[in-house]
Amino acid sequence: MNEAIFKTLILVLLIALGFVLKAKFGAKSKLDGIKEIVLSVALPSTIFIALMKIELDISLLFVPIVALLFNFIMYLVTPLAMASFGIKKDSSTGKTMRILLPSLAPGLSCFPFIIEFLGDESLALAAMADIGNKFFVLIFLYVIAMNMSLKNMGTENGKMKDKILSLLSSLAKEPINLILFAGILLLSFGVSYDTLPNVVQGVFDKTSALMTPLVLIYIGLALKLKESNKRVVVALLLMRAGVSLVLSAIFIALAGITSVNMILLTIVFPLSCVSFWPFAHMSFFAAKEETMEIPKEKRTFNIELAIMVLAISLPFSTTLILTILTAGTYFTDIWRIMFLGMGLLALGIVPMAATRLYFKSTNKMAKNHA
Numbered sequence: 001m002n003e004a005i006f007k008t009l010i011l012v013l014l015i016a017l018g019f020v021l022k023a024k025f026g027a028k029s030k031l032d033g034i035k036e037i038v039l040s041v042a043l044p045s046t047i048f049i050a051l052m053k054i055e056l057d058i059s060l061l062f063v064p065i066v067a068l069l070f071n072f073i074m075y076l077v078t079p080l081a082m083a084s085f086g087i088k089k090d091s092s093t094g095k096t097m098r099i100l101l102p103s104l105a106p107g108l109s110c111f112p113f114i115i116e117f118l119g120d121e122s123l124a125l126a127a128m129a130d131i132g133n134k135f136f137v138l139i140f141l142y143v144i145a146m147n148m149s150l151k152n153m154g155t156e157n158g159k160m161k162d163k164i165l166s167l168l169s170s171l172a173k174e175p176i177n178l179i180l181f182a183g184i185l186l187l188s189f190g191v192s193y194d195t196l197p198n199v200v201q202g203v204f205d206k207t208s209a210l211m212t213p214l215v216l217i218y219i220g221l222a223l224k225l226k227e228s229n230k231r232v233v234v235a236l237l238l239m240r241a242g243v244s245l246v247l248s249a250i251f252i253a254l255a256g257i258t259s260v261n262m263i264l265l266t267i268v269f270p271l272s273c274v275s276f277w278p279f280a281h282m283s284f285f286a287a288k289e290e291t292m293e294i295p296k297e298k299r300t301f302n303i304e305l306a307i308m309v310l311a312i313s314l315p316f317s318t319t320l321i322l323t324i325l326t327a328g329t330y331f332t333d334i335w336r337i338m339f340l341g342m343g344l345l346a347l348g349i350v351p352m353a354a355t356r357l358y359f360k361s362t363n364k365m366a367k368n369h370a
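Counted from 1, the sequence shown has number 285 at position 285 by my numbering; the numbering is strictly sequential.
Hints in this document: simulated from the structure, not taken from any laboratory.
Quantities reported herein were computed from a predicted structural model and do not represent experimental measurements.
Just to be clear, a hint being listed does not mean it is correct.
No farther apart than 20 angstroms at their CA atoms in a straight line, the calculated lysine to aspartate or glutamate pairs in the EDC-like style are these [to be verified]:
#: 1; residue 1: LYS22; residue 2: GLU36
#: 2; residue 1: LYS230; residue 2: GLU304
#: 3; residue 1: LYS206; residue 2: GLU116
#: 4; residue 1: LYS24; residue 2: GLU36
Sequences and hints are given; from them, build the entire structure.
What follows is the structure in structure tokens.
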């Protein structure tokens with residue numbers, strides 16, 4: 001059996017195992033516990049090992065900047081793409097999507113597959129890229145969500161500075177960021193992973209080994225097949241993936257990237273599922289609007305829609321990432337990446353646009369006959 005297919009089969013079976021065990025993990029607190037172990041223990045250990053095995057280079061500092069630039073481009077493109085769905089950017093649906101779609105959550109949807117298919121160095125680069133993404137989702141999107149909510153409520157928020165400082169503090173205390181800082185500091189003093197005490201290596205090796213199986217089982221547990229019939233959400237996620245692939249192809253061409261691993265990393269990182277943090281921001285302001293007794297239909301964000309996007313985005317992204325990586329070098333060709341992106345865009349936009357046109361023409365005919 002082909003090695004890539006064999007590896008993919010193992011990963012899929014682990015996801016299936018999680019799906020089978022759903023009944024035993026019904027409580028949300030149990031799922032959150034697994035996620036916390038992944039994000040606070042297993043993933044930081046894996047990233048630390050990967051980072052400590054590469055040579056420190058000043059060019060690494062440009063990686064989070066590139067990721068941040070991608071976030072901003074997606075933020076600017078999202079309202080334009082939504083216009084083809086007939087979604088107004090100032091509607092609650094439009095505001096919700098403008099906050100959610102540009103965000104990335106690579107920890108659960110991307111990192112496990114990067115380490116399995118692309119190795120330690122690629123994972124270290126992905127972790128560096130996530131620094132830029134975290135700044136975007138924690139700080140920039142909070143400010144945007146706050147401005148949207150304040151405009152809708154017609155009030156001022158005197159605690160904005162405190163909230164931003166609190167977010168910066170949480171960013172600094174996050175285990176992944178702490179481990180990245182520690183790893184870069186050790187590397188700058190010439191310390192590598194092999195020079196660490198054996199007991200330290202042993203702890204990191206054992207906790208790192210938890211990551212892939214735990215993440216894949218978590219994906220299976222969080223999988224909600226009953227949500228898959230939500231056409232608008234799936235169409236928007238197809239559009240998001242299509243735009244990401246087109247942007248990746250353009251960047252690969254402009255940067256002259258030729259390494260197979262770098263090309264695949266550039267493709268799959270932006271395909272990560274949407275982040276929970278923008279949802280947390282929206283929920284915060286939705287709670288304030290609820291205390292002000294603002295009618296649900298007049299609130300800034302559509303929280304139910306946001307939950308649905310989160311539920312569908314994780315299995316959607318992992319399926320797409322796993323498919324691309326399983327294909328080996330097939331998607332390392334610029335034109336294949338571009339065609340895949342355009343294909344996903346068409347799959348997302350064309351059926352919804354056709355449906356809109358059909359209903360418009362039907363309504364027009366009905367009015368003419370009336």
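Structure-based check of each hint:
no. : hint            : verdict
1   : LYS22 - GLU36   : 18 angstroms, holds
2   : LYS230 - GLU304 : 12 angstroms, holds
3   : LYS206 - GLU116 : 16 angstroms, holds
4   : LYS24 - GLU36   : 18 angstroms, holds
Consistency note: the structure conflicts with none of the earlier hints.
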